[in-house]
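Given these sequences and hints, build the entire structure.
There are 2 protein chains.
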Amino acid sequence: MNPILKNAIKQDIKAVDETLSKLIKPESKLSFDVYKQVVESGKRLRPLLVLYSANALGFQKTNDALILGSIIELIHTASLLHDDIIDDAQFRRGRKAANTVFGVKPAVLGGDYLYSLAFNMVLDFDIDIAKVISKAAYMLAEGEIKEIENAFNVYVTQEDYYDVIYKKTATLLEASSVCGALLADKKYKEQFEEYGKNLGFAFQIKDDCLDYRADFKMLGKDMGIDLKEGKITMPVLYAVNEDESLRNEIDLYFKQKDDKLLIWLIETIRKKGLEPSMEKAREFAKKAKDAISFLEDGKYKKYLMAVADYAIEREK
Amino acid sequence: MNPILKNAIKQDIKAVDETLSKLIKPESKLSFDVYKQVVESGKRLRPLLVLYSANALGFQKTNDALILGSIIELIHTASLLHDDIIDDAQFRRGRKAANTVFGVKPAVLGGDYLYSLAFNMVLDFDIDIAKVISKAAYMLAEGEIKEIENAFNVYVTQEDYYDVIYKKTATLLEASSVCGALLADKKYKEQFEEYGKNLGFAFQIKDDCLDYRADFKMLGKDMGIDLKEGKITMPVLYAVNEDESLRNEIDLYFKQKDDKLLIWLIETIRKKGLEPSMEKAREFAKKAKDAISFLEDGKYKKYLMAVADYAIEREK
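Respectively, the protein sequence lines represent chains A and B.
Be aware that the first sequence starts at 1, since it is given in the working numbering, and climbs by one per residue.
Be aware that the second sequence starts at 1, since it is given in the working numbering, and climbs by one per residue.
No lab work stands behind these hints: they were computed from the structure.
One or more of the hints may lead you astray.
[As the list claims (entries may be wrong)] Quick list of the computed label-pair ranges, beta carbon to beta carbon:
| # | chain 1 | residue 1 | chain 2 | residue 2 | range |
| --- | --- | --- | --- | --- | --- |
| 1 | A | Leu-261 | B | Phe-32 | 34 to 42 Å |
| 2 | A | Ile-127 | B | Glu-18 | 23 to 31 Å |
| 3 | A | Asp-128 | B | Asp-185 | 53 to 61 Å |
| 4 | B | Thr-157 | A | Ile-127 | 36 to 44 Å |
| 5 | A | Leu-23 | B | Leu-5 | 45 to 53 Å |
| 6 | A | Glu-244 | B | Phe-32 | 31 to 39 Å |
| 7 | B | Asp-258 | A | Gly-103 | 20 to 28 Å |
Each residue gets a CB set at the ideal place from its N, CA and C atoms; glycine is no exception.
Following this line, the structure appears as C-alpha cells:
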C-alpha cells in the first residue's frame with residue numbers, strides 16, 4: 001500500500017478507536033479487559049468499510065459513520081471472543097486469546113455484553129440498517145454452527161465451504177459496506193452488497209491460504225492450524241480436487257493425528273492447493289472492485305479499491 | 001392456583017410452545033438439541049406475561065403477542081444457556097444443564113444463535129418494542145457480570161443485591177409486561193412497567209428463598225447452592241443484618257469451603273433470614289398487583305394477579 005494512503009487510513013483507524021473507547025463504558029473491569037485483549041489488535045476493517053462506503057457516496061456526517069462502524073466492530077469482537085472458545089484457540093492475531101488469558105467465563109460474558117451493547121445502539125439508526133446488522137449477526141452464529149458440524153468431515157464440498165465463509169466472514173463485511181451505502185444513499189445498496197460480499201470471499205480465502213504459508217519456524221504451532229481443527233478450506237479442496245487420493249490421507253490424519261502425516265499434508269496442500277486458491281481470491285477481489293467502478297474517481301473510491309487489494313496482498 | 005385458572009394457563013402455554021416450535025428451524029441438530037434441553041422444562045412465564053398484559057388491555061391479535069412472547073423466551077433461554085456455563089451448573093430446573101449434556105461449546109453457540117434469532121425477529125415489531133427488549137438483553141449481560149464481580153464478597157449490600165436481581169430477573173419480566181402493553185395501548189406503559197418490575201423482584205427473592213428450603217434429602221446437592229457459588233442473596237443479607245458476626249463465618253466458609261460450616265450456615269440463614277425475605281417478596285407481589293388494580297375486572301386481570309400470587313407461593 002502506498003505510504004500516503006497508509007497514513008490516511010491510520011488516521012481513520014485512530015478516529016474509529018476514539019469512537020469505540022467512548023462507546024464502551026469500563027464499568028466492569030473484567031469485561032473491559034476481555035474486550036481490550038481482542039479489540040486492540042484488530043485491523044478495523046469493518047468500521048473503515050462503513051466510513052469509506054458512506055464517504056464515497058458523499059455522506060458528510062462522519063461521526064454517524066464512525067459510530068455505526070464501531071457497532072459492527074463490537075459485533076465482530078463479540079463473535080471472535082465466542083469463536084475462540086469454540087475453537088479452543090490459544091492465540092488471536094499473535095496475542096494470547098481472551099479465553100486463554102481470562103478464562104472461558106469472562107469470554108462468554110464479555111461477548112454477550114458487546115453483542116447486546118451493539119444491538120442497543122444500532123436501534124438509534126434507520127430500521128433498515130438495524131435489520132442488515134442483526135441479520136449479519138444471525139448469519140455469524142449460523143456459520144459458526146455449520147463450521148462445527150462440518151469439522152473433520154473430508155467430504156465437505158466447495159458449496160459447504162462457501163456457505164460457511166459467507167456466513168462467518170463475508171456477511172459482516174457485506175453488512176459494513178451496505179450500511180455505509182444506506183447511511184448515504186439507499187439506491188446504491190446492491191452495488192455495495194456486491195463489493196462487500198466479494199471482498200469478504202477474497203479476504204477469507206486469502207486467510208485460509210495464509211494458514212498454509214511457508215513459515216517453517218512456526219511449524220506445528222501456527223501453521224496448518226485449520227487442518228488440525230478439522231477445517232476443510234479452499235487450499236485443501238483444490239488439492240483434493242487435483243489428487244483424489246489425498247482425501248483418504250486427510251481422513252487418516254483426522255483419525256490418527258499423526259504429526260509427520262500433518263507435515264506431509266501441509267506440504268502437499270501448499271504445492272497443489274495454494275496457487276488455484278489465490279487465483280480464486282484474486283477473482284473475488286476483482287469482482288469487488290468492479291462492483292464500485294461506477295463511482296466517480298476520488299479519495300474514498302481509491303481507499304475502497306485499496307482495501308480490496310489489501311485483502312489479497314496482506315501477509316498476516 | 002385454582003384448577004380452572006390452571007387449565008386455562010396450560011392451554012396458553014401450549015399455544016406458546018406451538019409458536020416457539022415454528023420459530024426455531026431445526027436446521028442444525030446440535031443447536032436444536034441444546035435449545036430443547038433448556039426450553040422444554042420452562043414455565044413460559046415471560047410469554048404468558050406478554051400475552052396477558054396485551055389481552056388485559058383489549059389487544060386482539062393473539063398471534064402477534066405469542067410471537068413477541070416467544071422472542072422474549074428465546075432471549076431468556078439464551079441467557080440461561082450462557083449463565084449455566086458461567087455458574088458451572090450441573091442442573092437446570094431439575095434436568096441436566098445443557099453445558100453438562102452437550103458441552104460448553106454447543107451451549108455458547110446455541111445461546112448466540114437464539115439471541116441473534118430473537119434480535120432479528122423483534123425488528124418486525126414497533127421500534128419501541130425492539131428498544132425495550134434489546135435494553136433488557138443488555139441488562140441481562142450487565143447483571144451477570146455484576147453477579148460474578150460480587151461473588152464471594154461478604155460486604156455485598158442490599159443495594160448491590162437489588163441491582164443484580166433487577167438486571168438478571170426483573171428487567172426481562174418488566175420488558176414482557178411492558179411489551180404486552182406496548183402492543184395494546186402505549187399509554188399504560190408505566191403501570192405495566194411497575195407490575196413487571198415488582199413481580200420480578202418478588203419472583204427472584206422467592207427463588208433465593210427456595211435455595212434455602214428445608215429439603216434435607218437434597219442437602220448438599222441442591223440446597224444452599226447460592227452460598228456455595230459465593231452468592232449473597234436476600235436471606236443471607238437479612239440473617240447478617242440480625243447477627244453481624246455471621247459475616248465472618250460466611251467469609252470463613254468462602255475461604256475454607258468446609259461442608260459442616262456450610263450446613264450450619266444454611267440452618268442459621270434459614271432461621272434468621274427466610275421469614276423477613278419472604279415478607280419482602282410478599283410486599284413486592286402486592287405492589288405488582290396494586291399497579292394493575294386500575295384494570296377493569298376480567299379474565300386477564302385475574303390471570304395477571306394469579307401470576308403475582310404464584311411468584312411467591314410456588315414451591316419450585
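So which of those numbered hints doesn't the model satisfy?
Those not satisfied come down to hint 3.
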